[in-house]
Amino acid sequence: MIRIELFKIFRKKEFSVLMFTLLLPLAFAFLIYAGAVKSSDVSSGPLALPGLMAVTFGFFEQLGALGIIAGIMAVSTLSSEIDNHNVLLYFPRLISRKKLYVNKVLALTIAFTVWSALFLLVCAIAYFFLTYSGSAEVSGQISDISTPAWLSSMLATYVYLLFIINATLLIGAFCKPMVSILALLGILFGSILLHPLPIVGNLLPIHYMQVAMNHLNTVADIPIVILNYTISIMMSLVYIVIFAILGRRKIARLEV
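Residues 373 to 628, numbered by our numbering, are exactly what the sequence shown covers, in order.
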């Protein structure tokens with residue numbers, strides 16, 4: 373079943389658009405080469421390889437582009453199938469309906485992980501382009517003292533986007549596709565507006581990512597950066613587990 377789900381995801385228009393975003397690291401590298409983006413904005417010095425990978429990944433996540441595309445892919449994976457009744461084709465072959473939701477979660481996670489690995493690979497290619505072009509914004513090093521912070525940044529960004537995918541998938545189990553997309557936009561932009569607020573902000577993974585980013589350009593603050601990214605990762609994972617439990621229960625009682 374997971375292989376079937378993966379095959380369907382890889383053929384979706386949304387996944388094709390997601391694959392097109394693999395060109396974004398090259399465009400970002402060109403902006404750095406042209407001087408439009410400075411490493412001093414996010415780091416205490418020139419960026420090593422993990423630094424450029426994390427900055428590029430985080431930059432496009434903050435713009436909302438990656439979350440929107442990945443979320444819409446989640447909508448088409450479940451909500452659209454429920455809406456057009458294609459989900460009925462699964463039920464005769466499933467011993468447990470709950471497995472349908474789990475299979476979709478796993479397939480989306482695998483597909484997004486494959487894309488993330490390719491995205492970071494293109495970031496590495498862009499880094500070596502900047503290194504050999506003599507850009508002063510990169511150090512040419514594979515690693516430096518800030519590498520643990522940058523690695524935690526990449527992991528936090530990856531898990532946060534999985535959080536967005538799983539939240540949208542859960543909403544899609546309850547709502548029509550268009551409502552699910554509007555809810556996706558509400559989650560993405562609502563989180564940006566609400567994360568500075570006390571109490572409410574502390575419940576949002578993006579709050580801790582923002583706190584970490586505010587300390588990235590100070591080497592002495594690396595432990596603070598890693599701590600806040602770790603909190604964000606753990607919080608996102610807890611939400612993902614909760615979403616999976618609620619989604620399985622909803623699919624078990626689904627009436628179409």
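Calculated directly from the structure, the hints in this document are not laboratory data. None of the values given here were measured: they were computed from a predicted structure. Where a beta carbon is used, it is the ideal one built from N, C-alpha and C, also for glycine. Each hint should be verified, as a subset may be incorrect.
As the list claims (entries may be wrong) - Taking CB as the label site, the calculated pair distances span: (1) 569 x 391: 32 to 40 Å; (2) 379 x 610: 24 to 32 Å; (3) 503 x 571: 38 to 46 Å; (4) 489 x 408: 37 to 45 Å; (5) 503 x 622: 45 to 53 Å; (6) 379 x 508: 15 to 23 Å.
As the list claims (entries may be wrong) - DSBU-like mimics (lysine-lysine), calculated; alpha carbons at most 35 Å apart, straight line: (7) 548 x 384; (8) 380 x 548; (9) 470 x 622; (10) 410 x 548; (11) 470 x 548.
#### Entry: Non-conforming hints, listed in increasing numerical order
4, 6 and 10
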